[in-house]
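Asker: Heads up, the sequence shown is in the numbering used here, so the first residue is 1 and it goes up one at a time.
Among the hints, a few may not be true.
[What the hints assert, rightly or not] Here are the computed lysine to aspartate or glutamate pairs in the EDC-like style, where the Cα-Cα straight-line distance is at most 16 Å:
1) K263 x E300
2) K111 x E155
3) K215 x D195
4) K98 x D133
5) K73 x D220
6) K241 x E212
7) K111 x E138
8) K270 x D180
9) K241 x E122
10) K270 x D195
11) K303 x D180
12) K112 x D133
13) K111 x D133
14) K204 x E238
15) K98 x E122
16) K251 x D220
17) K111 x E89
18) K303 x E419
[What the hints assert, rightly or not] Quick list of the computed label-pair ranges, beta carbon to beta carbon:
19) P72 x I312: 46 to 54 Å
20) E420 x K241: 42 to 50 Å
21) P265 x P244: 40 to 48 Å
22) W287 x S342: 28 to 36 Å
23) S342 x S383: 15 to 23 Å
24) A282 x G310: 41 to 49 Å
25) K95 x K270: 30 to 38 Å
26) S383 x P234: 52 to 60 Å
Everything labelled a hint here was simulated from the structure, so no lab data went into it.
Remember, it's a predicted structure, so these values are computed and weren't measured experimentally.
Glycine included, each C-beta is placed from N, C-alpha and C at the ideal position.
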Amino acid sequence: MAIIICLSVREGRNLMQPLPPLVQNAVKTDPGIETAKEKSSAVMGRQTEPVHVNQTGLLASNTTKKPARVSPKTVYLTFDDGPSDLTGEVLDILKKNKIGATFFVLGEQVKKYPQLISRIYEEGHAIGNHTYDHNYTELYQSFPAFWDQIKETEEEICLITGERPQLIRAPGGTAGHFDDTYFKLLQQAGYVVTDWNVDSGDSKRRDVPASEIVKGGTTDVPGGKVVLLMHDGPGHSESVKALPQMISWYKAHGYQFGVLSPKDPPVQFKVNAKARGLKRSAPSAAWIQSHIPQNAALFEPGKPLRLEVGGIETTLDSGEYSIVDGHYVVPLRALTERVGGSMAWNSAEGAWVASLSADAAVSLQIHADTGMLEAVEDNQVISETAMQVLTIDDSLWVPLRSLFEASGYAGITASVNDEERRVTVY
Numbered sequence: 001m002a003i004i005i006c007l008s009v010r011e012g013r014n015l016m017q018p019l020p021p022l023v024q025n026a027v028k029t030d031p032g033i034e035t036a037k038e039k040s041s042a043v044m045g046r047q048t049e050p051v052h053v054n055q056t057g058l059l060a061s062n063t064t065k066k067p068a069r070v071s072p073k074t075v076y077l078t079f080d081d082g083p084s085d086l087t088g089e090v091l092d093i094l095k096k097n098k099i100g101a102t103f104f105v106l107g108e109q110v111k112k113y114p115q116l117i118s119r120i121y122e123e124g125h126a127i128g129n130h131t132y133d134h135n136y137t138e139l140y141q142s143f144p145a146f147w148d149q150i151k152e153t154e155e156e157i158c159l160i161t162g163e164r165p166q167l168i169r170a171p172g173g174t175a176g177h178f179d180d181t182y183f184k185l186l187q188q189a190g191y192v193v194t195d196w197n198v199d200s201g202d203s204k205r206r207d208v209p210a211s212e213i214v215k216g217g218t219t220d221v222p223g224g225k226v227v228l229l230m231h232d233g234p235g236h237s238e239s240v241k242a243l244p245q246m247i248s249w250y251k252a253h254g255y256q257f258g259v260l261s262p263k264d265p266p267v268q269f270k271v272n273a274k275a276r277g278l279k280r281s282a283p284s285a286a287w288i289q290s291h292i293p294q295n296a297a298l299f300e301p302g303k304p305l306r307l308e309v310g311g312i313e314t315t316l317d318s319g320e321y322s323i324v325d326g327h328y329v330v331p332l333r334a335l336t337e338r339v340g341g342s343m344a345w346n347s348a349e350g351a352w353v354a355s356l357s358a359d360a361a362v363s364l365q366i367h368a369d370t371g372m373l374e375a376v377e378d379n380q381v382i383s384e385t386a387m388q389v390l391t392i393d394d395s396l397w398v399p400l401r402s403l404f405e406a407s408g409y410a411g412i413t414a415s416v417n418d419e420e421r422r423v424t425v426y
């Protein structure tokens, strides 16, 4: 059974960046898994790999394919605030007209309507990130608050599609909300922020009639590239009603329809005096170093790590694992959950308790402060292993071999080829 793993960027690492001091000295006591460093002279000395995210369809993400050539006049239909009960109707209209669109979705709506995210993806539309709950007060009080919502939504999308969206649209647009820090850090983290140049006006007030939406959303722009703002969130039934007329208008005026791509130059509003006047404190250098570089690695090409455990296979993209001193190091929570196990905090012991399967006879106690890994069976500690436990952006990372050996697995083999790394545990 193959399982797609989509780890939080808090569980990712920019493997092309120098490791922080804690990581450079990590895992000295772990016997280790042989990797490409030991297996092949062709990669001798290389302990890091850039991330590889397999891309299919038209998800808003980084691909190696060249973007399709488009007409000099192209309209990009974009829908914000969904999915909702109305999104299916929008998809029906798009399918009938054989055109694509871009959906900037909210994380809280993704959780409510996962089947619609699947349909958007499977029907070839692009998916972008519109934060988790659209709360201006929280989103624009500080960049870390905005970041947290982007990452939470990204994880929800990734769990459904297996891919991470690179396109971001700020609720309310960037004008008056984004200062230079927001733009710069999101770009450095591998994202593409996009606004719009034609506003249908369907969110200016409640119950905007379809006729007004059509009028506001049908216009030529210099250069012939229209990025049209619409909404498919709750309360926008008039937008759905207006959509066929707008499609007809653009077809009649010689436009083709496209989906947004992170490879294309985005439409962005300029930073204005209002945003600069908010006087928000920039994130600390330590925060930036622990969040931004490794996130960018998620969108770079590289080798995935295929992990097979008892017939269950899961994939970690190369930004979602690290190689330290020749050993694989992985994020504990994501690994345990994806192989059918669990992880929880034991306040009495002051340790994290993890298992690598639902019916595991052996549980693991990890003391993050001391780096001690204890194997427990029938409430008795049966083995202890000293290892370096890493805290990377609020997640615990541990040596892969230590986990499985302490859990009682008989053997672990590792291999690497031109396309992937592979670890088999039995």
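Asker: Could you run down the list of hints and mark each one as holding or not?
Answerer: Taking the hints in turn, this is what the structure says about them:
1. K263 x E300: 13 Å, holds
2. K111 x E155: Measuring from Cα to Cα gives roughly 11 Å; hence the hint holds.
3. K215 x D195: 20 Å, violated
4. K98 x D133: 31 Å, violated
5. K73 x D220: 9 Å, holds
6. K241 x E212: 11 Å, holds
7. K111 x E138: 20 Å, violated
8. K270 x D180: 9 Å, holds
9. K241 x E122: Roughly 24 Å separates the two Cα atoms, so the pair is violated.
10. K270 x D195: 10 Å, holds
11. K303 x D180: 34 Å, violated
12. K112 x D133: 12 Å, holds
13. K111 x D133: Status holds; Cα separation ~11 Å.
14. K204 x E238: Given pair K204, E238 holds - Cα atoms ~13 Å apart, limit 16 Å.
15. K98 x E122: 14 Å, holds
16. K251 x D220: OK: K251 and D220 at ~12 Å, within 16 Å.
17. K111 x E89: Since the Cα atoms of K111 and E89 sit roughly 19 Å apart, the hinted pair is violated (cutoff 16 Å).
18. K303 x E419: Given that 16 Å is the threshold and the Cα spacing comes to 6 Å, the pair holds.
19. P72 x I312: 46 to 54 Å: 50 Å, holds
20. E420 x K241: 42 to 50 Å: Between E420 and K241, where Cβ atoms are some 49 Å apart, the hint holds.
21. P265 x P244: 40 to 48 Å: Taking Cβ atoms as reference, P265 and P244 lie about 30 Å apart, which means the hint is violated.
22. W287 x S342: 28 to 36 Å: 30 Å, holds
23. S342 x S383: 15 to 23 Å: 20 Å, holds
24. A282 x G310: 41 to 49 Å: 47 Å, holds
25. K95 x K270: 30 to 38 Å: 37 Å, holds
26. S383 x P234: 52 to 60 Å: Hint holds: Cβ distance 54 Å, inside 52 to 60 Å.
Violated hints for the displayed structure, listed by number in ascending order: 3, 4, 7, 9, 11, 17, 21.
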